[in-house]
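Engineer: Whole structure, please, built from the sequences with the hints as guidance.
Protein chains: 2
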Amino acid sequence: MIGVREAKKIILDNCTTSKTEELPLVRAGGFVLAKPVYSPIDSPPFDQSAMDGYAFSFEHWDKKNELPVNGEVQAGNCLNTILNSNQSVRIFTGAALPAGMDTVVMQEKVSANATSIIIKDEQISKGSNVRPRGSQIRKNEIAAAKNHFLSPASVSFLSGLGIDTVNIYPNPAISIIVTGKELVEPGSKLSDGKIYESNSSGLATALTMLNINPASINIVDDDENKILDAINKQLSSDIILLTGGVSVGDYDFVTTALEKCGATKLFHKVKQKPGKPLYFGKHGHTLIFGLPGNPASALTCFYEYVIDAISSMTKRIYGRKLKLPLAGNYSKKTGLTCFLKGKTSANEVLILHNQESYMMNSFAEADCIIELDEDKEHFVKGDLVPVRLII
Amino acid sequence: MIGVREAKKIILDNCTTSKTEELPLVRAGGFVLAKPVYSPIDSPPFDQSAMDGYAFSFEHWDKKNELPVNGEVQAGNCLNTILNSNQSVRIFTGAALPAGMDTVVMQEKVSANATSIIIKDEQISKGSNVRPRGSQIRKNEIAAAKNHFLSPASVSFLSGLGIDTVNIYPNPAISIIVTGKELVEPGSKLSDGKIYESNSSGLATALTMLNINPASINIVDDDENKILDAINKQLSSDIILLTGGVSVGDYDFVTTALEKCGATKLFHKVKQKPGKPLYFGKHGHTLIFGLPGNPASALTCFYEYVIDAISSMTKRIYGRKLKLPLAGNYSKKTGLTCFLKGKTSANEVLILHNQESYMMNSFAEADCIIELDEDKEHFVKGDLVPVRLII
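Protein sequence lines correspond, in order, to chains A and B.
Number 72 in numbering that gives the first Met the number 0 belongs to position 73 of the first sequence; there are no gaps in the numbering.
Number 139 in numbering that gives the first Met the number 0 belongs to position 140 of the second sequence; there are no gaps in the numbering.
These are computed hints drawn from the structure, not numbers from a lab.
Glycine included, every Cβ here is placed at the ideal spot set by N, Cα and C.
Straight-line C-alpha distance at most 27 Å; calculated DSS-like pairs for lysine-lysine:
no. : chain 1 : residue 1 : chain 2 : residue 2
1   : B       : Lys138    : A       : Lys342
2   : A       : Lys322    : B       : Lys322
3   : B       : Lys268    : A       : Lys119
4   : A       : Lys275    : A       : Lys225
5   : B       : Lys119    : A       : Lys270
6   : B       : Lys145    : A       : Lys188
Anything over 10 Å on all C-beta distances counts as not near chain B; from chain A, calculated:
no. : residue
7   : Asn13
8   : Asp61
9   : Lys145
10  : Lys268
11  : Gly381
Structural biologist: This is the structure we're talking about:
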């Protein structure tokens, strides 16, 4: 049985990020650039007024007499007349300065009549209130590097340069296969010995919150042939998530079905609680996770292992990792890493009650998973522990 | 002109959370419950084996002799035979304990032959390896309270209780109206005096990342009638976001159009940089934000004001707010709250270059907005400042 660190390393060593995809920029928010973007223009594309006011040529202004006003430029328009160098023009925020003009005086700092202005701004200097052409970025300069995260501000920035498509790392296609003879669909009646199936909705929701729609969701009986069939149908996916049937009981057919379909086992069982029976394998390019059937174990393994595999493909970071002091004491056995449902407050993290792997009520209150080191037995209030935020 | 705190208060005072919506649970992840959910069942619904092993009656076990094994129960199945109290049954994880049985011994802790077992577990006690009926939750107990955030774990938990629909606070319908004669669609050619339109993609991406698809996006000319017409068409929305035209220039028609359509102005202009011309008003139930036209100002006002209005409707918390020490010194004028593009590191926050309101290149690198207090002029390295995480 391997430890958590080794298991994580094996997963990352088997992830590849070869896929890229061209997307319209307006749909690319939240993705990461797979190719750098260069600016196709100078931005601003012209010397631009930053204020409503009057544009003029600083060096031709005599600082004493009235400046005649000859026409106006609204943002988006151009001046059709040709100005003399000692004239001014009414100008509005965002408008292009006419040729020969280099300075703008704010409208609040002039006295104006119908045909001329007197400038009353002692601090004005050449270039005041003007955003020079190319002062944000010049044509052909890099606007966003490879591996840049496309935040709303990034999308706005690139749109402003005229960009309308980008190359990104796409989401992997992820299939969910839930196994178990005891499972009944929520909303229907529960007969003796059955329980409601909840792993598909938990995992699908977890994926949706990463902006990934599951490629398929299948619920199959504890039957090796049916499981084998379900796996074979999803081998074009990038990732298959199976739940249940990964222990070594008489009815645990997931690992044997995976062997029969030709998957290579990369590890099975990890020194951790919950999630000890975790399986990881590969079939061609498809990564296969055999998650335990207990909903809390399945979701914990999703957060601790699957999410890092997805992250290595999309280059996105999902959920911050912090170190926080424990709010109380806690003891566990050595030899197993413990992943505990926790709740953060301003300056510490609380280990919630009901940590048993079938208990989802505490997980529903949790905002983080706390990792307690394999080799350590006793933890005391104030000990700094790794915490993964999950909401 | 009012201050930031007063502006925020006016917005929150005018937000209502009256709408609720019934959704299938599998689509409700990320929403907040508008009604509490009670468990329709005991969970587990029966005494459930936590292990692969053998179930027996602890008090009828004589602790010496072999226990006869009479049949087996797989998870999801029921035992059809009736057992004597001094018999055992082969049982698997998740299966229901047959009537009269109360304890499970792990298969690793027996010596078994074809028809009987000898228990070799000195620590076993009554109830060992059994998850008692109702030990997670009892029928009719509250499973999730009103205002509970539906995380993936919550969805999994409620599914496991058989819940398939929930009542949530829905996303508001949000319309975007971008104004400006100078705006050209990205991907097309830029003629003299024009710039690429980027507010619609920036705001739409910001909404999408909150899991909200904009109800509509319209780009309109700087023309009062056209703006009025665009506003009138969207008055069934919960929120209208306008950009541009909110200053008092000759071509700023947004505030006059809002007046003509019968909107009540709640404030116009805030003592802040960027975003001084920010307008907020109301028409019937519709909240109307007039955001500045500069992309950086528009997005800053979105994060600082609009997101809190959305949050008050959906009850979700978007983006953590922290207090972090500044990584360097900074000076500003008093009398204006400054919102600056920042970048967090492990223990501090850096004020990025290019804070001018037309500069989106620094915003594209930012992961937070730093708020610098209206009344303070000089900030020094180490000063704790409020930080809003935006990615």
